[in-house]
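First to last, the protein sequences are chains A, B and C. If you're matching positions, the first sequence starts at 6 in this note's numbering and goes up one per residue. If you're matching positions, the second sequence starts at 236 in this note's numbering and goes up one per residue. If you're matching positions, the third sequence starts at 55 in this note's numbering and goes up one per residue.
Because the hints were derived from the structure by calculation, they are not lab data. Where is the CB? At the ideal position from N, CA and C, for every residue including glycine. One or more hints might be untrue.
Listed next, with one range per pair, are the computed distances between beta-carbon atoms [claimed, not checked]: (1) C:Glu-248 x A:Val-19: 47 to 53 Å; (2) A:Asp-123 x C:Ser-87: 32 to 38 Å; (3) C:Asp-234 x B:Asp-327: 44 to 50 Å; (4) A:Asp-123 x C:Leu-199: 44 to 50 Å.
Calculated pairs, DSS-like style, for lysine-lysine (alpha carbon to alpha carbon, straight line, at most 30 Å) [said to hold, decoys possible]: (5) A:Lys-73 x A:Lys-152; (6) A:Lys-152 x A:Lys-69; (7) A:Lys-20 x C:Lys-266; (8) A:Lys-69 x C:Lys-266.
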Amino acid sequence: MDPATLRVLIEATVKIALLFGLNLTVVAYMTLVERRVSAWIQDRRGPNRVGPFGLLQPLADGIKFIFKEAILPPHAHTALYLLAPVIIFVPAMVTLSVVPFGPPVELFGLSIPLQIADVDGGLLVILGLSSLGVYGVALAGWSSNNKYSLMGGLRSSAQLISYEMAMGFAVVGVLMTAGSLRLDDVVRSQMTHGWNVLWQFPGFVVFLTAAFAETNRLPFDLPEAESELVAGYHTEYSGMRFSMFYMAEYANMITASALAATLYLGGYHVPGLARLGLSPNLAALVQVAAFGFKVAVFLFLYVWVRWTLPRFRYDQLMNLGWKVLLPVALGHLMWVAFIVLAGWA
Amino acid sequence: MAMRVDFFLVMAALLFSIGCVGVLIRRNVIVMLMSIELMLNAVNLTFVAFSHESRSMTGHVFSLFVITVAACEAAVGLAIVLALFRRRRTTDVDDVSLLRW
Amino acid sequence: MHLLTGLVIVVMAVALLRAIVPAQPTLTMLGGSIAALVLLVAYRHDLLGTEFWAGAIGFVAILSALLVVLHPNPMVSVLFLILNLLCVALFYIMLQAHLMAVLQVIVYAGAIMVLFVFVIMLLNLRAEEGLRLGSGAERWLAMGLGGVFAALLFWALRHRGGQAWAGPGRYIEGFGTARDMGALLFGEYLFVTEAASVLLIAAMVGAVLLAKRRLE
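Can you make the complete structure from the sequences, with help from the hints?
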């Protein structure tokens, strides 16, 4: 094996291991953050018994899930039933492989980009993986052999594919100003032309709304609403398999927040950092921390909106997706075309 | 380490034959539509392989239009299947071979 | 091409087994996996080569295509077709058609197949009891014709002229990117692009009309 291949393999393996570990840790602690922030909004305390400030609560939750009995429904299609949580979870994790976390870092005499795969079609890879995530929901609803699961699965898949279109249009707006499909180029174009949230605010709102719908979070979480459909497509799942759905929801949230930060909030860009004159590695560290902060802002927004807004009814949801978001996204595209032609971006 | 483009052409030929046989021997309408998608997919692969060989992007453009047409055909075909199912409660093509029973 | 020959032989054997004994899926799966393992061990010396991985992905592609056609449960057929489409997307990446690969995943595997899944869920199609493959004579005639057709295609390929190569050593700068494709779509083939959009609208309207439930 030649040294170039070996180097690529080691680099990729280390980055994937780090990212995977970080992602799972953040997913686990998001459960705690959600409970604490919701408690703060509702003027009560969240979990603070298990460990200092409740920091060991995710561990306790994990142990509880492992010890629960994992029931296999008797007439369910076993192969599809077991495959569905995997299909939801995997695209959310894989999408993070194309997100740039920071500028290239100088280590061991090599320039290592802080991005696992800087593919030529990064933006399209994101859209493709979110399309593949729809199958997990549909299969979970279908294979459970349960009326409520089937209805929940159908509703949720219809919601997911409707809002994919609006998200695609918002992403096309970003593509037009960046001039390239690579996510690193998107971040660099925002360094020179200003963050996209300033120029493309309607697109930002459309993207955020679509991201809320894509992750099945309130106000769009009718498919898993307790008062409507028992638990929607994950009614028949228990124990560790249910925790896979639970973790997949938070993993999707993290991915959507990272994408919103990269596409609209400038990714790892910190305005005015060049003037401080730090060493390249320290500057990279600051920028990675800034990226983490932006992702945290969006995660907080997710939790805040969940505990503030009421839930949409299903026909209101479809109405919003097709009759409101799509025309707004089309109008936004015309606006972006105008500013690109006028040379403002 | 390179390989011949012929490999992809052989793959496409095999996929096309399998799709062809699928349309002929299955009687479930939805599986027949899926076999048709298999055939269209094999044709796409042939186009892209030849496009790589002749270093021209025309093959890719044609392939994109084949995907477009496949999407339209799948949508309309499945809508017909839905309408048919509401009437006859069956997805077996042998049961709908008479115009009126 | 020896790996390819081995693959084709294994796949044909699996197909034959499956067609002859459709009620014993485990037997065919076992046979197929043993054959795959034998091939893997035989070609372990170039485990990182393009040819090996192209052959492996080709094996999975053809196996999943066979299972699409031969499996009694339509939902499982859909899943195997999705696997097949993903394998073909990997082929596109090997042919340096990056945009086509991603479009294949987004449009074909991510939208058209979702349509199939929806229809199967709406019609509540369960597995067919006993794979009704048509009566005996029809089945063998169809498979015979399929074999003849495949032989015809192979003969046509054997007497082909060009000897082009694909793989990592044959990178063409800027080929298969969105920029090139966009230049062609909105340049030379603009009319066809606009006609395709009209076709899509017609198909959308047609699908909505055909599937609409009449409110009596």
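Each hint, compared with the structure:
| no. | hint | in the structure |
| --- | --- | --- |
| 1 | C:Glu-248 x A:Val-19: 47 to 53 Å | holds (49 Å) |
| 2 | A:Asp-123 x C:Ser-87: 32 to 38 Å | holds (36 Å) |
| 3 | C:Asp-234 x B:Asp-327: 44 to 50 Å | holds (46 Å) |
| 4 | A:Asp-123 x C:Leu-199: 44 to 50 Å | holds (48 Å) |
| 5 | A:Lys-73 x A:Lys-152 | holds (24 Å) |
| 6 | A:Lys-152 x A:Lys-69 | holds (28 Å) |
| 7 | A:Lys-20 x C:Lys-266 | violated (50 Å) |
| 8 | A:Lys-69 x C:Lys-266 | violated (47 Å) |
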